[in-house]
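Okay, here's what each chain looks like letter by letter:
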Amino acid sequence: MRRMPALLSALIALMLASLTVGAAHVDLRDIFSDDRAMLVLLESRLPRTVAVALTGAALSVAGVLIQALVRNRFVGPDTVGTAEGAALGLLGVTILFPASPLWVRMIAASLAAMVTTWLFLGVIRRLPAREVMLIPIAGLVLSGVLGSVVTFIGWQTDLMQYVGTWLLSGEFSGVIAGRYELLWVAAGAAGLAWFAADRFAILGLGEQVATGLGLSTASVMRLGLAVVSVVTAMVVTTVGMIPFVGLVVPNLVSRVMGDNLRASLPVVALSGAVLVLACDLVGRLVIYPYEVPAGMILGILGAALFLWLLHRRPAHG
Amino acid sequence: MIQISNLGHKIGGTQILHDISTSFPKGKLTALIGPNGAGKSTLLRLVGRLEPLQQGAITVAGHDVARTPTADLARVMAILGQQTAVASRLRLCELVAFGRWPHHQGRPRPEDRTKVAQAIDAFALSKLKNRFLDEVSGGQAQRAHIAMAFAQDTEWLLLDEPLNNLDMAHARALMARLRDLVDRQGRSVGLVVHEINYAAAWADHVIAMKDGRIMAEGTPDDVLTEAVLSDLYDAPISVGRHKDRPLVLHHA
Ligand SMILES: Nc1ncnc2c1ncn2[C@@H]1O[C@H](COP(=O)(O)OP(=O)(O)OP(=O)(O)O)[C@@H](O)[C@H]1O
Ligand SMILES: [Mg+2]
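Taken in order, these protein sequences are the chains called A and B.
Positions 1 to 317 (my numbering) are the ones given, in order, by the first sequence.
Positions 1001 to 1252 (my numbering) are the ones given, in order, by the second sequence.
Take the hints with a grain of salt, since some may be wrong.
[What the hints assert, rightly or not] DEER-style ranges, computed between Cβ atoms:
1. B:Lys1026 <-> A:Leu307: 53 to 63 Å
2. A:Asp30 <-> B:His1104: 46 to 56 Å
3. A:Arg2 <-> B:Tyr1233: 53 to 63 Å
4. A:Met160 <-> B:Arg1107: 31 to 41 Å
5. A:Val141 <-> B:Thr1219: 49 to 59 Å
6. A:Arg130 <-> B:His1194: 19 to 29 Å
7. B:Ala1071 <-> A:Asp34: 36 to 46 Å
8. B:His1104 <-> A:Gln161: 32 to 42 Å
9. A:His311 <-> B:Asp1231: 19 to 29 Å
[To be verified] Stretch by stretch, here's where chain B covers chain A in the computed footprint (C-beta under 8 Å, at least three residues):
10. 97–104
11. 211–223
12. 254–261
[To be verified] Some chain B residues flagged as far from chain A (calculated, every beta-carbon gap over 12 Å):
13. Cys1093
14. Arg1113
15. Gly1240
Simulated from the structure, these hints should not be mistaken for laboratory data.
Note that CB positions come from ideal geometry on N, CA and C, so glycine has one too.
Start from the sequences and build out the full structure, keeping to the hints where you can.
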């Protein structure tokens, strides 16, 4: 497999670039003699770089899972109400228990995200199976409705500025040491999914085939639901939702190497990390020394990639 | 043996199956025939626990379908549904390999790989095995699905219209394989067929269904008669003989 080394090299190169780019000058060659450079590196650059990579990887894996759960390629954790659910949970905690510690907020966000994603799964169960486009549309409607609810409550309680950071502009400029570590939980959850990769791949073959092969579809659905929700909730809590990664990366990888998830999930994770790192870097460079949010760059690039995907003919393997 | 007792089934208030009691004999090839909407697929899906039981009982080789864990049943019977369209982009060899999953749960042993290779070979898929499912023809995809069920290598094999999309040569090859499974490996097979002559030529036992009930069952000679078939399909049907087996003629 030659894809992994290529992706790994790209990842390392982008991470090194991400460590050196920024308003404060940091030369990686003399960090050991320069205390200030070391401080910037450890407190800001490294956390940011790691946060970006973890976010891209975890969201892409979550995208694969939600697509396998609903058996439809045109959905991602940002289009089925999961992110809005997490925001709703955060909002609820912020209003009801303003002084609650981080772990309470994290659990509330995850649980609320699970509930709304479960709601989505319940809605699409009742849709006619042949209408492929109804599923993404149902997801967009659900996230639209939930988003309005969040916005409404946000206005009423004067918490709009929080809502904005959770849902509107996913970006990494605020990441410093001590403020991003939750993303490791997201990455851990995504990593857990790899151990059940075969199960998710079989579930993707349809309930009928999965049952025939002796899979307990309900428990695999629950696991998928939990991973997607936890990943999304952690991302929403720490950096705000990043659009398109969870939709585009799984599609690109599936085009090239298919849906044998045991083999493709690592590639999905690496590609997601590379894509978001690249977008974050572009966002930091285009109007240097100011920044454009990575989420915005992804919105543009992701939409373009997606259109290209829709129009490309399937390659013969 | 598959034992079905007092099976009833409703979908949305409509009674689809009416108090069915029958059995699929062990070590035989059983063909399920009947007009569209007779309830053949529903019956097979209930046996294959793809649908929850509402009324009655089914045992497969002594395992109560309602109580046995689905993972255990997957080592006793393999079932191929009527709808095989999948949205997954798997290579044909990966699909077939999933047939072994009930036996190894993700850690394939050498014997699993051998069985997969045999199944790929048996259905003439060697040249296509690295193609993606969405990049082969309907009949080729169908053969891959049958090969997956074969690779599962279970005592019982249940197939709903496996001849769908297959050309005459591949259809005959499949029937010959099934015969071989029954005669030489002591397996039992149940399949739904629409082309009666495949049942006439290859089956040991025929079950004829109409309107959610069993109209007739027995050997091909007993069931595939002008009287039964004309009644079953509400059309005059003549039956001749060929090589000492019934031959159903549809150009009246
Ligand atoms: N999801 C459903 N909702 C409502 N009715 C259904 C549903 N599925 C099947 N039916 C009805 O149940 C009856 C039996 O269907 P079934 O699929 O078992 O027939 P079949 O004998 O396999 O037919 P075919 O030869 O066309 O495959 C039919 O009258 C059908 O209309
Ligand atoms: Mg049918």
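So which hints don't hold here, by number, going up?
4, 7, 8, 9, 10 and 13
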